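J.: Here is what each chain is made of, one letter per residue.
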Amino acid sequence: MTNAESRGSRISRHPILTFEDKGPVKFFFEGRPLQGRRGETVAAALAANGIRLFRHAEKTERARGFFCAVGKCASCLMIVDGQPNTMVCMEPLHEGANVERQRGRGKLP
Amino acid sequence: MKQTDVAIVGGGPAGLCAAIAASRLGAKVVLIDDNDSLGGQLVKQTHKFFGSKRHYCGTRGMDIAAIFEQELRTLSAEILPGTSVVGLYPSVTRKPAKPTPRPAQGDLFAAEPPPSISQGMLALASRERFTKLGFKCLIVATGAAENNLLFENNDLPGVYGAGAVQTLMNVHGVKPGTRVLMVGSGNIGLIVSYQLIQASIEVAAVVEALPRIGGYHVHAAKLARLGVPILTSHTVLSAVGKEEVEGAVICRVGEDFKPLAGTARKLQVDTICLAVGLTPLSELLWQSGCRMVYVPELGGHVAWHNQAMQTSLCHIYLAGDVSGIEEASTAMLEGRVAGAHAAAQVIGSSPETEQVIAESQAELCAIRQGPFGDKAACGKAKLAECALLPA
Numbered sequence: 001m002t003n004a005e006s007r008g009s010r011i012s013r014h015p016i017l018t019f020e021d022k023g024p025v026k027f028f029f030e031g032r033p034l035q036g037r038r039g040e041t042v043a044a045a046l047a048a049n050g051i052r053l054f055r056h057a058e059k060t061e062r063a064r065g066f067f068c069a070v071g072k073c074a075s076c077l078m079i080v081d082g083q084p085n086t087m088v089c090m091e092p093l094h095e096g097a098n099v100e101r102q103r104g105r106g107k108l109p
Numbered sequence: 001m002k003q004t005d006v007a008i009v010g011g012g013p014a015g016l017c018a019a020i021a022a023s024r025l026g027a028k029v030v031l032i033d034d035n036d037s038l039g040g041q042l043v044k045q046t047h048k049f050f051g052s053k054r055h056y057c058g059t060r061g062m063d064i065a066a067i068f069e070q071e072l073r074t075l076s077a078e079i080l081p082g083t084s085v086v087g088l089y090p091s092v093t094r095k096p097a098k099p100t101p102r103p104a105q106g107d108l109f110a111a112e113p114p115p116s117i118s119q120g121m122l123a124l125a126s127r128e129r130f131t132k133l134g135f136k137c138l139i140v141a142t143g144a145a146e147n148n149l150l151f152e153n154n155d156l157p158g159v160y161g162a163g164a165v166q167t168l169m170n171v172h173g174v175k176p177g178t179r180v181l182m183v184g185s186g187n188i189g190l191i192v193s194y195q196l197i198q199a200s201i202e203v204a205a206v207v208e209a210l211p212r213i214g215g216y217h218v219h220a221a222k223l224a225r226l227g228v229p230i231l232t233s234h235t236v237l238s239a240v241g242k243e244e245v246e247g248a249v250i251c252r253v254g255e256d257f258k259p260l261a262g263t264a265r266k267l268q269v270d271t272i273c274l275a276v277g278l279t280p281l282s283e284l285l286w287q288s289g290c291r292m293v294y295v296p297e298l299g300g301h302v303a304w305h306n307q308a309m310q311t312s313l314c315h316i317y318l319a320g321d322v323s324g325i326e327e328a329s330t331a332m333l334e335g336r337v338a339g340a341h342a343a344a345q346v347i348g349s350s351p352e353t354e355q356v357i358a359e360s361q362a363e364l365c366a367i368r369q370g371p372f373g374d375k376a377a378c379g380k381a382k383l384a385e386c387a388l389l390p391a
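Protein chains in written order, with the UniProt record's numbering: chain A, 1 to 109; chain B, 1 to 391.
Calculated directly from the structure, the hints in this document are not laboratory data. All values derive from a computational prediction rather than experimental measurement. It is possible that part of the hints are untrue.
[Unchecked claim] Derived DSBU-like pairs (lysine-lysine); straight-line CA-CA distance at most 30 Å:
hint : chain 1 : residue 1 : chain 2 : residue 2
1    : B       : Lys375    : B       : Lys258
2    : B       : Lys242    : B       : Lys222
3    : A       : Lys59     : B       : Lys242
4    : B       : Lys266    : B       : Lys242
5    : A       : Lys26     : A       : Lys107
6    : B       : Lys258    : B       : Lys242
7    : B       : Lys48     : A       : Lys22
8    : A       : Lys107    : B       : Lys242
Bound conformation, chain A alone (with noise of 0.2 Å):
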């Protein structure tokens, strides 16, 4: 069962806040495009779109995701612009990013 598609979705109505959209910011997972907003981090434009799985990890080859989201579990680094170990979680998006799923440790550019 995947129900990604509902998943990924931005909250619309809330009693308390308002999101600001501060512009589309077009980036690339695993080669197709996919739009986030300015301003997010890149592991929060992943979630938007309904994209859970980051990595998988280099003895079990287990599927990891973000746990924490502040840069403390080191559960969420994948690979940007060609960089591995990238904590997304902290990273912030930028305009035309390349972010693919990391396997195992990487390998250095």
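Given chain A's structure and the hints, the job is docking chain B onto it.
T.: The following block gives chain B in isolation, referenced to the frame of chain A:
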């Protein structure tokens, strides 16, 4: 190398209050945070605070962060956002101070030489470069990290810490899932469950291993009114799914917290949110070589400290969750105490310093006398006891 009187690591409530206090009292302050914006975990706290006016009651956490940041920007403190501490060289003198048993107010600095030169150094990394920062005093206000819980498949994508869920939905406006199982009925578990509903996300249930609800009943009642079952004496057995969470198996537990046979049932959820406590982020303090003690009531290993928030290394202070898991209000007060003491150690004490310290200490005492302050108060009392034992 750049020099400062007081270096503060962490720009959450504790670090911000420490920076404001120390700057106001005349010390040169540098505040470092690895996030691009200040406020720490306050920025995602949409609920209104309790307590008195002085503790910003009725104000939402995210607004408190903005108030502090604005105040700090009017002072002379330097702020280094987007910067991580990657090295700590705590002392050039290598002379650890002896932990003193609960010093009386006022005579704290009598036995210690005032630091005239830079006592230690931090190595800092921003996205652009590495730099060094010399300090006379250091305040560690690094906060805490979310605990995980042992159950099958607890590493699947879709198992989040409660803080992560808050960051995603309250800061970025992104739904973490469509149907969530909340694990833990402490205040964080209850508040985040309510916030999920505010964001139009369904909460299937809240499970709690204890036979009673852990947090304030006012929060639990809000959930109950919305029809969210709060299942006490229940736990999560496993997450279902291969590449991400597609369900959860929960069960009843006995008095020994062991699962009871025949009570397991599956819940259709796509997200499991863990609100099962925090652990102090004390790496820098371990590395500094100050004396560490294990106090379960404070959340694990913490640096030994006295009422001045001073560790066994007399020029290293700490404040907030890294000194013991509590709440934002106490973090602010501890920050103020640490900031004032550090400033006094560097530039000397004044009646104003004494006043800041006395007021903050009194408020800390008052807060910890409440029913939920017991645990922290007990933990802090244990610290005072270990001061009498040899290290």
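J.: Identify every previously stated hint that the structure contradicts and give their numbers, smallest first.
T.: When the structure is compared with the hints, only number 2 turns out to be violated.
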